[in-house]
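Chemist: Going down the list, the sequences are from chains A and B. When the letters of the first sequence are read in order and numbered with my numbering, they come out as residues 8 to 169. When the letters of the second sequence are read in order and numbered with my numbering, they come out as residues 8 to 169.
Certain hints may be false.
Since the list can't tell identical chains apart, any single copy or any two copies may satisfy a pair.
[Said to hold, decoys possible] When the alpha-carbon atoms are kept at most 20 Å apart in a straight line, the in silico DMTMM-like pairs for lysine to aspartate or glutamate are as follows:
no.: 1; residue 1: LYS33; residue 2: ASP109
no.: 2; residue 1: LYS85; residue 2: ASP108
no.: 3; residue 1: LYS71; residue 2: GLU47
no.: 4; residue 1: LYS71; residue 2: GLU83
no.: 5; residue 1: LYS9; residue 2: ASP87
no.: 6; residue 1: LYS71; residue 2: GLU38
no.: 7; residue 1: LYS9; residue 2: ASP108
no.: 8; residue 1: LYS33; residue 2: GLU83
no.: 9; residue 1: LYS85; residue 2: GLU115
no.: 10; residue 1: LYS71; residue 2: ASP37
no.: 11; residue 1: LYS71; residue 2: GLU61
no.: 12; residue 1: LYS33; residue 2: ASP102
no.: 13; residue 1: LYS54; residue 2: GLU38
no.: 14; residue 1: LYS33; residue 2: GLU47
no.: 15; residue 1: LYS71; residue 2: ASP101
What the hints contain is simulated information worked out from the structure, not anything from laboratory work.
2 protein chains.
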Amino acid sequence: MKKVILTYGTFDLFHTGHLSLLNRLKALGDELVVGVTTDEFNALRGKQTIFGFEDRIQIVRNLKCVDRAISLQNGEQKADDIRSYGVSIFGMGDDWEGRFDDLRVHCEVIYLPRTENISSTQIRKLLEGLGRTYVSDPGKALEPAASIVGPFDGKVARKDER
Amino acid sequence: MKKVILTYGTFDLFHTGHLSLLNRLKALGDELVVGVTTDEFNALRGKQTIFGFEDRIQIVRNLKCVDRAISLQNGEQKADDIRSYGVSIFGMGDDWEGRFDDLRVHCEVIYLPRTENISSTQIRKLLEGLGRTYVSDPGKALEPAASIVGPFDGKVARKDER
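Throw the hints in and build the complete structure from the sequences for me.
Modeler: So, in structure tokens, the structure goes:
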């Protein structure tokens, strides 16, 4: 019988940490279903993304390891998704450890280690970029950056980008 | 006979503008080969990326539309690549219009329109984020943002990110 894996995520500013997690989840079975949070759901959670839902799901849907990309519209659809897609394993990064244990009545639930090699380099860049001013509160320091990096890549510096 | 398409890019901060171009190129033939600029080549061109070569090529290699991802190490390998991979069409975004016309002795060269829908939204975000201070020189205003956005997504706000 086909083994189906399910995971959820926002996948804003897609990077190899996301990719590594998805590839490792896919390797556990035959088919990977990925739920991408809608903008409305993110707004309810007080979370703002750089890229909108359509952009975020497009990238996920176009990955070799992803067999089906669906929308995650609220916190209540999880059991329905597990039933609808015949899910054997629900998997998340271990930064979510324990948070989905209630799904164990429906299927196996696993938490995979997040890969850290990406972020350590970038933390260094952060420190350089900020001149160590904001280190006590990096989240706050990064808010303006998050709001403007989109156009840096998408249009303003388009020619430089290749 | 199999029709092979070749394109080159940096693909930093991968977004749907990149994806759309790659999907449209793939639709022109049977096999898409994508050259990703190395960090050394970018350094020679005075160009800095948020993500290193391995991260950038990993994402490209994992896309459904990409059959082969190779490194672009310098400006001199283009004719060799066209020969090695049996390329019929070399394609780039039209922000590069005319810049690869010298390859017309080897194969067909085309320039596809860039999709603009992503960046218009993001320009709005840029203006909001910057409070219209830097609008006369957006490239300069975005340099610090580019250096710090990596960790915002990769580690500092890891839990918020999903």
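Chemist: When Cα atoms must be at most 20 Å apart, do LYS33 and ASP102 count as within-copy, between-copy, both, or neither?
Modeler: For LYS33 and ASP102, the Cα distance is within 20 Å only inside one copy (19 Å; across copies 37 Å).
Chemist: Is it within, between, both, or neither for LYS85 and ASP108, if the alpha carbons may be no more than 20 Å apart?
Modeler: Intra 12 Å, inter 52 Å, cutoff 20 Å: intra-copy only.
Chemist: From the Cα coordinates, with 20 Å as the cut-off, is the pair LYS33 and GLU47 best called within, between, both, or neither?
Modeler: For LYS33 and GLU47, neither the intra-copy (28 Å) nor the inter-copy (33 Å) Cα distance is at most 20 Å.
Chemist: Cα distance capped at 20 Å. Does LYS9 pair with ASP87 within a copy, between copies, both, or neither?
Modeler: The answer is within: 18 Å in one copy meets 20 Å, while 44 Å across copies does not.
Chemist: Using 20 Å as the alpha carbon limit, work out where LYS71 and GLU83 are close: within a copy, between copies, both or neither.
Modeler: neither (28 Å within a copy, 31 Å between copies)
Chemist: With identical chains treated as interchangeable, where does the CA-CA distance between LYS71 and GLU38 reach 20 Å or less: within a copy, between copies, both, or neither?
Modeler: both (11 Å within a copy, 15 Å between copies)
Chemist: Using 20 Å as the alpha-carbon threshold, which applies to LYS71 and ASP37: within, between, both, or neither?
Modeler: both (12 Å within a copy, 17 Å between copies)
Chemist: If the cutoff is 20 Å on CA atoms, where do LYS33 and ASP109 land: within, between, both or neither? Let me know, please.
Modeler: Neither. Shortest intra-copy (22 Å) and inter-copy (43 Å) distances fail the 20 Å Cα cut-off.
Chemist: Tell me, please, which holds for LYS71 and GLU61 at an alpha-carbon limit of 20 Å: within, between, both or neither?
Modeler: Intra 18 Å, inter 18 Å, cutoff 20 Å: intra and inter.
Chemist: Should LYS71 paired with GLU47 be assigned to within, between, both, or neither, using CA atoms and 20 Å as the limit?
Modeler: neither (27 Å within a copy, 28 Å between copies)
Chemist: How would you classify LYS9 and ASP108 at a CA-CA limit of 20 Å: within, between, both, or neither?
Modeler: neither (23 Å within a copy, 50 Å between copies)
Chemist: Check LYS71 against ASP101 for me: Cα-Cα at most 20 Å, and say if that holds within a copy, between copies, both or neither.
Modeler: Neither, since 23 Å and 27 Å both go past 20 Å.
Comparing the model with each numbered hint stated earlier shows that hints 1, 3, 4, 7, 8, 13, 14, 15 do not hold.
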